[in-house]
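Spelled out, the chains give:
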Amino acid sequence: MDTTAKPQYDDGVVKYLTVGAVVFLVLGTFFGTFAASQLAWPALNFDIAEITFARLRVIHTNTVIFAFGGMTLMATAFYTVQRTNGVKLWSNGLAWWTAILFTIGLLATVTTIGLGMTTGKEYHEQEWPIAIAIALVWTLYTFNFILTIASRNKETHSHVYVSNWFFLGMMIAITYLYVINGLAIPVSLFQSYTLFGGVQGAMIQWWWGHNAVGFFLTAGFLAIMYYFVPKQAQRPIYSYRLSVIHFWALMFGYVWLGAHHLQYTALPDWTGSLGAVISLAMIIPSWGGALNGMLTLSGAWDRLRTDYILRFLIMSLAFYAMSTFEGPVMAAKSVNALSHYTDWTIGHVHSGALGWVAMVSIGAIYHMVMKLWKTEMYSMQLINIHFWLATIGTVFYIVAMWVSGIMQGLMWRAYDEYGTLAYTFAESVAAMHPYYVMRAFGGFIFFLGAVVMLYNIVMTIRTAGARSANKVESLA
Amino acid sequence: MSTLEQYLSTDWASMTTHDWAGLIVTVLVFFGMLITFALALRPSKRKELEEQKYKILNDD
Numbered sequence: 001m002d003t004t005a006k007p008q009y010d011d012g013v014v015k016y017l018t019v020g021a022v023v024f025l026v027l028g029t030f031f032g033t034f035a036a037s038q039l040a041w042p043a044l045n046f047d048i049a050e051i052t053f054a055r056l057r058v059i060h061t062n063t064v065i066f067a068f069g070g071m072t073l074m075a076t077a078f079y080t081v082q083r084t085n086g087v088k089l090w091s092n093g094l095a096w097w098t099a100i101l102f103t104i105g106l107l108a109t110v111t112t113i114g115l116g117m118t119t120g121k122e123y124h125e126q127e128w129p130i131a132i133a134i135a136l137v138w139t140l141y142t143f144n145f146i147l148t149i150a151s152r153n154k155e156t157h158s159h160v161y162v163s164n165w166f167f168l169g170m171m172i173a174i175t176y177l178y179v180i181n182g183l184a185i186p187v188s189l190f191q192s193y194t195l196f197g198g199v200q201g202a203m204i205q206w207w208w209g210h211n212a213v214g215f216f217l218t219a220g221f222l223a224i225m226y227y228f229v230p231k232q233a234q235r236p237i238y239s240y241r242l243s244v245i246h247f248w249a250l251m252f253g254y255v256w257l258g259a260h261h262l263q264y265t266a267l268p269d270w271t272g273s274l275g276a277v278i279s280l281a282m283i284i285p286s287w288g289g290a291l292n293g294m295l296t297l298s299g300a301w302d303r304l305r306t307d308y309i310l311r312f313l314i315m316s317l318a319f320y321a322m323s324t325f326e327g328p329v330m331a332a333k334s335v336n337a338l339s340h341y342t343d344w345t346i347g348h349v350h351s352g353a354l355g356w357v358a359m360v361s362i363g364a365i366y367h368m369v370m371k372l373w374k375t376e377m378y379s380m381q382l383i384n385i386h387f388w389l390a391t392i393g394t395v396f397y398i399v400a401m402w403v404s405g406i407m408q409g410l411m412w413r414a415y416d417e418y419g420t421l422a423y424t425f426a427e428s429v430a431a432m433h434p435y436y437v438m439r440a441f442g443g444f445i446f447f448l449g450a451v452v453m454l455y456n457i458v459m460t461i462r463t464a465g466a467r468s469a470n471k472v473e474s475l476a
Numbered sequence: 477m478s479t480l481e482q483y484l485s486t487d488w489a490s491m492t493t494h495d496w497a498g499l500i501v502t503v504l505v506f507f508g509m510l511i512t513f514a515l516a517l518r519p520s521k522r523k524e525l526e527e528q529k530y531k532i533l534n535d536d
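In order, the protein sequence lines correspond to chains P and E. Residue 160 in my numbering sits at position 160 of the first sequence, and the numbers go up by one each step. Count along the second sequence from 1, add 476, and you get the number used in my numbering.
Derived from the structure by calculation, the hints contain no laboratory data. Among the clues, some could well be false.
Negatives, chain E to chain P, calculated, CB over 10 Å [stated by the list, open to error]:
no., residue
1, Leu480
2, Leu484
3, Thr486
4, Trp488
5, Trp496
If you want the footprint, here are the derived chain P segments under chain E, 3+ residues with CB under 8 Å [stated by the list, open to error]:
no., region
6, 78-91
7, 219-232
Here are some chain P residues pointing at chain E (derived, C-beta under 8 Å) [said to hold, decoys possible]:
no., residue
8, His159
9, Tyr161
10, Pro236
11, Ile237
12, Tyr240
13, Arg241
14, Lys371
Being a predicted model, the structure only gives us computed values, none of them experimental. Each residue gets a CB set at the ideal place from its N, CA and C atoms; glycine is no exception.
Chain P extracted, bound-state conformation (with noise of 0.2 Å):
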């Protein structure tokens, strides 16, 4: 028996959540963008409740985490874990059923929310009959996963790729911080309470949401890199030590940072000060990460010049890297008495997320849709204008909100030569309508950026059979 020959693999379910994930991009930056344009110019609240800013940018948060994010995340788990361990999915009826029950969720998530059905929990908004079905279609995406592995080939493939390990951390941590934060006491079909009460319910809310941050949008990210990093650069990761380090350090700490959300409130001084210590410590990992990405091209950097889709994932580690020393900067106490609760962190937010996480996601859903339908991209010209509309929007995006978020700042703190504030709140909300202007614009070319990946991704779908034909007739 050849016990090399490759089997064939279960890609449906992948070209599904494939392509809905780049249609979710498309909604979610649709909705940022739109909502960006309200903080610019109130009147594009029309007045509608359901389109307001309140429900509007907790639609556009939930669909570019859970639906863009989330559709990325399984249609790249789904796609390695086959890959790196020489077999077939465990059930591809079980994927197919998440898939579909899984977009059915994001639907009445995002319908909810704009109905303004709430639990008013960051990141974790959905009422309890969708957070339960969430929750459980999360666990057969885990299950099928874990046993997919589990069947593998134990002699041909007895090691288990670090992709797999990152994608797996994330599974396990959602799971359980999902849940937990999730725990509340239904009164109705669409009105709950958490359990949790006061400070406690504060620290477990951030406990989740940091954790949406470390889990869901790196741990699992950070798989995606391992895998499509090597592979479109067609070299070995750096160093493959070093990914293990990164993987434990990530698992062993990440958890520990929430408290750093609520710096100067009822929770006690001391757990703020061990989330900003953890915080910075979590630099060391997130570098030495980032530069193993980016170590895979050494020797090879003029690769950069013509692989466009190289250029989405070596930028996207680059933001990780920005992105990861400035939260831990944000954490500590001094930084953080003037940052938080301003537009800064909206900013940071968005260098991780448009610059890293979306980037890195766009470079992998590039190249999963030339082997998925085994053709080149319609449009390499395409995807180089989308790196360009992708990088000068965000930087766009994060530049204003770092002038805007730290004049809010010092204008919040400014006393004047008899002690009272100097500025009103609302002289501060004037002062920002320049860079909210900036920010809308930023946003507005990260959203052409998407829809000229949509329309490329479109094209190559479309005329993949096409150009298969024409290539078997030329080499006839």
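Chain P is already provided as a structure; the job is to place chain E on it using the hints.
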């Protein structure tokens, strides 16, 4: 008592079950990290680990 002694002094009698649970988990995690790093970084492990990185290059 010096300032350092004051800083490090702990009223062990007032530790609750939650405090003990947290302390034990923290200490176990700390040693878990040390052991993991020692296992991953020991020189004899280098070749075995590093050869894993080549396997994905031809997986499809």
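Results for each hint:
1. Every Cβ of chain P is farther than 10 Å from the Cβ of E/Leu480; the closest lies at roughly 17 Å, confirming the non-interface assignment.
2. With a closest Cβ-Cβ approach of about 14 Å to chain P, E/Leu484 is found to remain outside the 10 Å limit, as its non-interface label requires.
3. For E/Thr486, the requirement that its beta carbon stay farther than 10 Å from each beta carbon of chain P is met, with the minimum near 13 Å.
4. The claim that E/Trp488 lies off the interface holds: its Cβ sits roughly 17 Å from the closest Cβ of chain P, which is beyond the 10 Å cut-off.
5. For E/Trp496, the non-interface assignment is confirmed: its Cβ lies about 17 Å from the closest Cβ of chain P, beyond the 10 Å cut-off.
6. Here the region 78-91 of chain P counts 3 residues with a CB under 8 Å from a CB of chain E, which clears the bar of 3, and the coverage holds.
7. With 3 residues bearing a CB less than 8 Å from a CB of chain E, the region 219-232 of chain P meets the requirement of three and the coverage assertion stands.
8. A hinted interface residue such as P/His159 counts as satisfied when its beta carbon comes closer than 8 Å to some beta carbon of chain E; here the least separation is about 5 Å, so the hint holds.
9. For the restraint placing P/Tyr161 at the interface with chain E, the shortest Cβ-Cβ distance is roughly 6 Å, inside the 8 Å limit, so the hint holds.
10. Taken as an interface hint, P/Pro236 checks out: its beta carbon lies about 4 Å from the nearest beta carbon of chain E, inside 8 Å.
11. At a threshold of 8 Å, the smallest CB-CB gap from P/Ile237 to chain E is about 5 Å, leaving the interface hint in force.
12. A hinted interface residue such as P/Tyr240 counts as satisfied when its beta carbon comes closer than 8 Å to some beta carbon of chain E; here the least separation is about 4 Å, so the hint holds.
13. Because the smallest distance between the Cβ of P/Arg241 and any Cβ of chain E comes to about 5 Å, under 8 Å, the interface hint for this residue holds.
14. At its closest, the beta carbon of P/Lys371 sits 6 Å from a beta carbon of chain E; the interface hint therefore holds under the 8 Å criterion.
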